[in-house]
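Chains Y and V are the protein sequences, given in the same order.
With this note's numbering, letter number 42 in the first sequence gets 42, and the count goes up by one each step, no holes.
All you need for this note's numbering is the position in the second sequence, starting with 1, plus 1000.
A few chain Y positions that, by computed beta-carbon distances, are all more than 12 Å from chain V:
#	residue
1	Gly105
2	Met419
3	Ala499
Computed spacing ranges between beta-carbons, pair by pair:
#	chain 1	residue 1	chain 2	residue 2	range
4	V	Thr1244	Y	Arg132	49 to 57 Å
5	Y	Phe254	V	Gly1242	37 to 45 Å
6	Y	Ala85	V	Ala1057	39 to 47 Å
7	Y	Phe254	V	Gly1364	38 to 46 Å
8	V	Arg1236	Y	Pro412	55 to 63 Å
9	Y	Ala113	V	Arg1236	48 to 56 Å
10	Y	Tyr323	V	Met1200	32 to 40 Å
11	Y	Ala113	V	Met1200	31 to 39 Å
12	Y	Lys449	V	Ala1260	52 to 60 Å
13	Y	Leu284	V	Thr1191	56 to 64 Å
14	Y	Ala30	V	Ala1376	46 to 54 Å
15	Y	Val147	V	Ala1347	42 to 50 Å
Worth flagging that the hints you see were computed from the coordinates, not collected in a lab.
Note that beta-carbon positions come from the ideal geometry of N, C-alpha and C, so glycine has one too.
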Amino acid sequence: MQDFRQFGKTAWAGSALLALPLVLVAVLAATVLPASGARLATLFLIYVIAVLGNQIYSGNSGIMSFGHTSFMAIGAYASALLTIAPAAQATALPALPAWLAALAGQPLIVALAAALVVVLVVAAIFGLPIARLGGSAASIATLGLLVITHVTLVASTDFTRGSQTFFGIPRGVPMALVLGCAVAAVVIARLYRSSRGGLALRAAREDEIAASAVGVNVVRLRFWAFVLGALLCGASGALLAHFLGAFSPKDFYFNLTFLMLSMLILGGITTVSGAVGGTAVIVLLVDILRRIEAGGDFGIVTLPPVFGLTDIGIGLVILIVMYRLREGLFGVRELDERLGFEDAVTPTTQPAPVVPPGPGNLKVENVGKTFAGLTALEKVNFVVEPGLVTGLIGPNGAGKSTLINAVCGIVPPSSGRVMIGGQAVAELAVYDVPRAGLGRTFQNIRLFKNLTVLENVRVAANSVARPDEDTAAAARAALAIVGLSDLAARIAATLPYGAQRRLEIARALALRPRFLLLDEPAAGMNPAETDALMEVLRRIRAEHQLGLLVVEHDLKLIMRLCDRIVVLNKGQQIAIGTPDEIRADPVVIEAYIGRKRAAPPPQTPPLGPALPAT
Amino acid sequence: MTLRKTLSLTALTLGLAAPALAEDLTIGLATAQTGGLAPYDQPSLAGFEMRVDEINAAGGIAGKFPIKLIAKDTRSDAAQTALVAQELVDAGVQIMITPCDADPSIAAGMITQGAGIPAFSFCATTPTLPLAVGDFMFGNYPADNVQAAMLAGHAIEAGYKTAYILTSPDSAYTLKLPQYFGQAFAAKGGTVLGEGTFAMGQQDFSAEVTKIAAMDPKPDVIMTAAYEPDFPAFVRQLRGAGVTTQVLGSDGIDSPTTFAMGDLVEGVVFSTAGFATEGSALAAFNAKYKEKTGEEPNTVYIANGYDLGTVIEVAVTKADSLDPAAIRDAIASLENVEGVTGAISYAGTMGMPLRSVSLVRIVGGNRELVTQGVPAPEEVPAP
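Kindly generate the complete structure, drawing on both the sequences and the hints.
Structure, rendered in structure tokens:
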């Protein structure tokens, strides 16, 4: 059990903020609303639970799921098989196995709990393969899940009456139960979003490669979000079944899926506020339009019935909202975060966490890599020592990227090995490399764009933290090192370019690495920004005794910064030494620096501009 | 309570119709005017409204109970149907009408059953519908088993000894109707040689057709409740394989597509809810409908909806009261109500009416009446 503090005050405040209107709706339904109003309130709460289930998976992982409606169906049938009146069961399900038939007539709450167990099992079975997929492949897989579930329900005539209506269950759901489930769903969804797992999954949604590089096991997190979302949908389905009193598989198919998704997308898929708000807007809108389309006397005007207005109206509203607000009504920030419940971010003055210099070096031993006969890298040997800066240079195509991939465990070398401390990188999963002691930045900045500056760093801090540790403090300390303390609450994508580069470094530092790989850290920077970066890097080395491996095109920077330089050319390590040695090395001059000097002046104009524009 | 009422009459039930007058019979229609069920509910409503207008023009039922309709769209959605039904019950309707499908009809019916209000489904054909809800639920269309009994009677009379049925588990209609046929056919001494299945919408019947073509001896008749697009595909592939066995269908194929298939469907017999013979009540109704709307009635659901108005008129007249329970008892005792589609009886049934089914043969792209009537109750397979 992880410490509850990990969720942060704002998550608890947000849960309360979103649960409050739900409680209010329930109280109104129980006191002043007419029976039809109370039914609408109940339906709204049931929908909220399902939309939140969709939000937990789709919102945090960024993978649109069409399959979670199938868990509503499973919840519906599993619970209905237990609550069905024994008398009706004999008529409706004559072929039911005796052991299951004997269980009929349970109270709804017992059936609900049992249904959730069934949903858990099914979700786990389907979640395992689906969690391995990302993007549209995962979406299509969830679509397959929806179809498979539907077909299975239709075919399981003995248990479900097939495509015929399932009936005989007690109609009506107690408001207290529905409200309890809805409030629980809001709290679960909101806390999950702010939990370490939820934050990490959102980071993976923004950038899966960068998330892996800060220790996030994306597949595992997707799996748990899938299952958690399925449980909420299962509960919603069980309640919906008893709200309806009669249903068939087609009631839990595409139409319901699209209704749930339109609610979620209208509100804003990335937030719990969006899920609750979107559901409320659609339910209210349908009800208002429905009354208008039925015609009648509205005091000022008398309208004839215009059936079809509801669907057109909803379609128009979704179009307009999506056109004006692409992230949905509630955007990418939770209501509580907008209203300033945010955990206070104070510029920290506490010293950065002392990283004990770990044992050993980062060793590149005899590393080679061939791609289908093409040798990209051959016999590279060097050592990155703590407290020293090692530079890696080489012209385009020299094999720098291949070497970086081998060092980070993304692509294992064909021969030789990379060792961090005593561990071979190739034996580690990509997300375990950071924990072994290697942090990195990327050539093209890879930030978690829609997360705040602090959240970006916290994702990394979380993956190396003890369960009870306050990672916000560690994250703030890392931000202080690169001078971004004041911008902690900003959305990362809104930072200026230089600050984004520094944020990436802070994120890598939050991993408490012993070695830091910087992939072209000065690319695209102006001289002032480059100088500021140099200052930061020098400080990191001096204060934290990190071993830096810097890959850079800017030779001036490399020469100024590095203690030792490795030169690659055409996959070969052609030189290694101090900056002075490298400057004087005739092989380097010929192969790298000298090539430019020796290059003949162009005798013909470059081909590029002469080509016809396409 | 006062607060409840005030709220319900103001913002919360925006647009709710004004309360009915004391002697109005208020009928609530929770039916699908949009979505997948609209092709059935819309014409049913049109016919029903036509009959209600006539009754009101004559001063109401029995000259003293004018009918007031509150129609709301359920958008073919079960949850929405339940909501709308509750609203109509809140508004004090004395009779409820539900969509042409069992799911929403049962969902709405459970609400009216609890409130003690009689409810009719416009044209749901599932015979178990009243069983699933209770004694306040009624059908308004020849049930699947009634159609099946008529078809089985015809098959026996035509001298067929053996039959093959083709079902699809994808819907209650396509699954149960042929099975009811098989039961009724066997009860009358016929033999069902086998049952094949198909997936709705797949339109590939090669496996089934091969199986039938290879059967020895061949069945005398093939019965299926497949409809568009499956039925045309099936017949085309069956005849293409050289199988000339007689095919029996159900009311799902009573559409222009079927009649446009030429020789492929020549001789096919199917059941339907009404056939306008020269001088019949249905022919008169069709003429009246055309005069009023300027359009030919293109589906029997219009006349079927019209007949529901008559059923309600007769029941309320018999009850001589607007008390829903009294109306229910009157409906359950109705016998041989003269509708434009034929006689309609509820007495002795579980709630699905015994009413006239017509069997039609396709001859040269036109319809030819084979027989028309109501099967004897003991010949109708139990739901």
